[in-house]
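Asks: Got chain A sorted already, so can you dock chain B onto it with the hints?
Chains as they are written, first to last, in UniProt numbering: chain A, 1 to 387; chain B, 1 to 387.
What the hints contain is simulated information worked out from the structure, not anything from laboratory work. One should not assume that every hint holds.
Identical copies carry no separate label here, and so any pair may be met within one copy or between two of them.
[Unchecked claim] Heads up, simulated DSS-like pairs for lysine-lysine below, C-alpha to C-alpha not over 25 Å straight-line: (1) 10 with 381; (2) 68 with 377; (3) 69 with 385; (4) 321 with 355; (5) 355 with 10; (6) 10 with 385; (7) 135 with 165; (8) 379 with 203; (9) 246 with 385; (10) 132 with 144; (11) 381 with 355; (12) 93 with 150; (13) 203 with 144; (14) 132 with 377; (15) 93 with 113.
There are 2 protein chains.
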Amino acid sequence: MTHYFSSDFKLGILGGGQLGKMLLYDTRKFDIQTYVMDANPEAPSRLACNHFEVGSLMDYDAVMAFGKKVDVLTFEIESVNVKALEDLEALGKKVYPSAATLQKIQNKAVQKKFYESSHIPTADFDLFSDLKRLKEAVSEGNIKLPFVWKSSIGGYDGKGVSVIKSREQLSQLPDVECIAEALVDFKTEIAVIVSRSVSGEIKTYPVVEMEFHPEANQVEYVLCPARIDETLAKKARELAQLVSSKFEHVGLLAIEMFVTQSDDVLVNEVAPRPHNSGHFSIEGSFTNQFEQHLRAILDLPLGSTESKSHSVMVNLVGDEKHTGEVVYEGIEDIMAMPGVTPHIYGKRETRPFRKMGHVNIIHADLSEARAIAEVVKSKIKVISKTS
Amino acid sequence: MTHYFSSDFKLGILGGGQLGKMLLYDTRKFDIQTYVMDANPEAPSRLACNHFEVGSLMDYDAVMAFGKKVDVLTFEIESVNVKALEDLEALGKKVYPSAATLQKIQNKAVQKKFYESSHIPTADFDLFSDLKRLKEAVSEGNIKLPFVWKSSIGGYDGKGVSVIKSREQLSQLPDVECIAEALVDFKTEIAVIVSRSVSGEIKTYPVVEMEFHPEANQVEYVLCPARIDETLAKKARELAQLVSSKFEHVGLLAIEMFVTQSDDVLVNEVAPRPHNSGHFSIEGSFTNQFEQHLRAILDLPLGSTESKSHSVMVNLVGDEKHTGEVVYEGIEDIMAMPGVTPHIYGKRETRPFRKMGHVNIIHADLSEARAIAEVVKSKIKVISKTS
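With the rest of the complex left out, here is chain A (with noise of 0.2 Å):
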């Protein structure tokens, strides 16, 4: 039996941007020691830590320096070097969610390959191993216009992903290995988290509903729960737990869905980690999705994912006209209205969509708190000090 409570016992986690540093408000709460280790000096976990250091979480070296200084071995974003992770695992080091896990998601070709073969409806697609094979491909007719452009390794928030409707934009595209989506007529795109703990243990989130940003291609509004009948919400989460059963993930398991004009489910991507479409459970839910992440790694009784009441987060990212250092402008305006709890990432320098914060809605009526979002949205604005 180990003790994690004020003990030596110490996890460790790749990565220092918001996510880990909303992971160490729970280690925190349970007085777990942790050690980060982010490229940036300047990370948002840097702080609320026991130990941070510098160091590429793509380098191989210097994820097995920090792998052994740990006992638990977490990550809060999937660019990391698996090599290291299989290595450290060999040694007998507890990694989670596995390095195997790790490599069927964080290459997109990899993993749709991966839903192809168990069987899991999703889009379909073909792989391309450069930009000229795909240009081929589309000179031939094999591929049809419009279609949905996605690099296999790299993509976030919205990069790496390109709706192409015509051959110019072909010319704009990187010369990277790629995939070819078929555009989905959807009606909503939903997600749901999977739980599951080193035992085998397995809780699920209530679907959400998410509502995207129409030029920046990323998440504007979550819902939770989302505004689908009962019959189709029960089928998103038994996918969801189909494809969590596949991945035998340990940790979080991320699960984005379309749902089509006929009431088909097909899985988008996943993420094996706390996710943005999860950030509504900080005030909303019995267990917030990052003390969940912790009890699922580190083999404790998973937490109830029941809701406390409705909530709508709404992502703060940086105005398209504004860098440089950031002003949170009417922060004071939404904080006035109930329910209303802003969260800041703790970067100084905005950017163009980039993501500084959230934004919680909690009430006990869906469309008000959505309507509150809205006004939220209007209210707040991620400038720059100077512009």
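Replies: Just chain B now, kept in the frame of chain A:
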């Protein structure tokens, strides 16, 4: 207009115990820079602040030097050098709560006289400059047994307070300035936390009920809301608001009260800071008490003090038979119960009745929450590693 979020603004916190530690969750959530000073280099708040320094809170020079480094100064414990706070105010530093408020509260004799002059109902009392005078008063029959003895300064967590039932007990008391207070025949003990911002905005939390541990004279359970009728609750909240207005505090004021057999409400004592009786709010309220304290002292709009659900808090204190390196036995058992969240303060050493953490139980039904609290209490043991 001061920008607090991800800015150069600095909040100073005197004291680095569990209250400061929990306050830091919210400064991190808002990315407000914090400076913390505590005499103990291992204080729980040494992590998650931007700057930590070791210094005695009663030392004039240490508090002055620390206060000069920050923009707004607050404290998480009353044992602070008030003269230094006064002089910092004279230099134009913002100190919340003010030196004047703390002065009225720090010394219990001064506090009691303040209630008297402000016409705030409180238990009858007499003041004694030393033990000899108290003994004479008892001998002469001016003070009747039993009565409550309270040291004017330094009382905390049941220390500095005794119920005196026999003359023999008098000889065990320290020779200090003290109060002899009439023993109140109370039905229940309740508390109300009032928040008041720099601008004078006021919001009051619901009345909570405190159940005491019979031996340790410490709060064992806090129930929100208190199991009292509406009329009485209204009376208690109104009295709390009166007390708040008299102290003219900025920040939180926790007001502990007795409900007598005849449903009179008497003020017992107050604390100008986040308080044990408000810990339920972390999971139970729309705005937790720590965030509310921040909002108040930074003159931000106060948050809603409504509850998301009913809650019971259980204090986790060191087992009376154990001293040494702490182990939380049975913590996995309680974490398996829905709506149960442990908070571990991060003290490595346990001692009999030392406050080591608390557990919040959230439930739609208060009596269910109270029943779970008793199971929690029976399952978890705060013991030492080797015994």
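Asks: Now tell me if each hint is right for this structure.
Replies: Hints, one by one, checked against the model:
In the homo-oligomer, the alpha carbons of residue 10 and residue 381 lie at most 25 Å apart only across protomers (23 Å), although the nearest pairing inside one protomer, at 39 Å, exceeds that limit. Proximity of residue 68 to residue 377 under the C-alpha cut-off of 25 Å is found in neither arrangement, the shortest distances being 44 Å within a copy and 38 Å between copies. Taking the shortest alpha-carbon separations for residue 69 and residue 385, only the inter-copy value of 24 Å comes in at or below 25 Å, while the best intra-copy value is 41 Å. Only within a single protomer do residue 321 and residue 355 lie at most 25 Å apart by alpha-carbon distance; the minimum there is 15 Å, versus 51 Å between protomers.
In the homo-oligomer, the alpha carbons of residue 355 and residue 10 lie at most 25 Å apart only across protomers (24 Å), although the nearest pairing inside one protomer, at 29 Å, exceeds that limit. For a Cα distance limit of 25 Å, the shortest separation of residue 10 from residue 385 across copies, 18 Å, qualifies, whereas the shortest one inside one copy, 40 Å, does not. Taking CA atoms no more than 25 Å apart as the test, residue 135 paired with residue 165 passes inside one copy only; the shortest distance there is 13 Å, against 93 Å between copies. Proximity of residue 379 and residue 203 under a CA criterion of 25 Å is satisfied inter-copy only: 24 Å between copies versus 36 Å inside one chain copy.
Taking CA atoms no more than 25 Å apart as the test, residue 246 paired with residue 385 passes in neither setting, with 48 Å inside one copy and 40 Å between copies. Only within a single protomer do residue 132 and residue 144 lie at most 25 Å apart by alpha-carbon distance; the minimum there is 16 Å, versus 98 Å between protomers. For the homomeric pair residue 381 and residue 355, the shortest alpha-carbon distance inside one copy (12 Å) is at most 25 Å, but the shortest distance between copies (43 Å) is not. For a Cα distance limit of 25 Å, the shortest separation of residue 93 from residue 150 qualifies neither inside one copy, at 34 Å, nor across copies, at 55 Å.
When the C-alpha separation of residue 203 and residue 144 is checked against a cutoff of 25 Å, the pair qualifies neither within a copy, at 40 Å, nor between copies, at 61 Å. Proximity of residue 132 and residue 377 under a CA criterion of 25 Å is satisfied in neither setting, with 42 Å inside one chain copy and 67 Å between copies. With identical chains, the CA atoms of residue 93 and residue 113 are never at most 25 Å apart, being 29 Å at best within one copy and 63 Å at best between copies.
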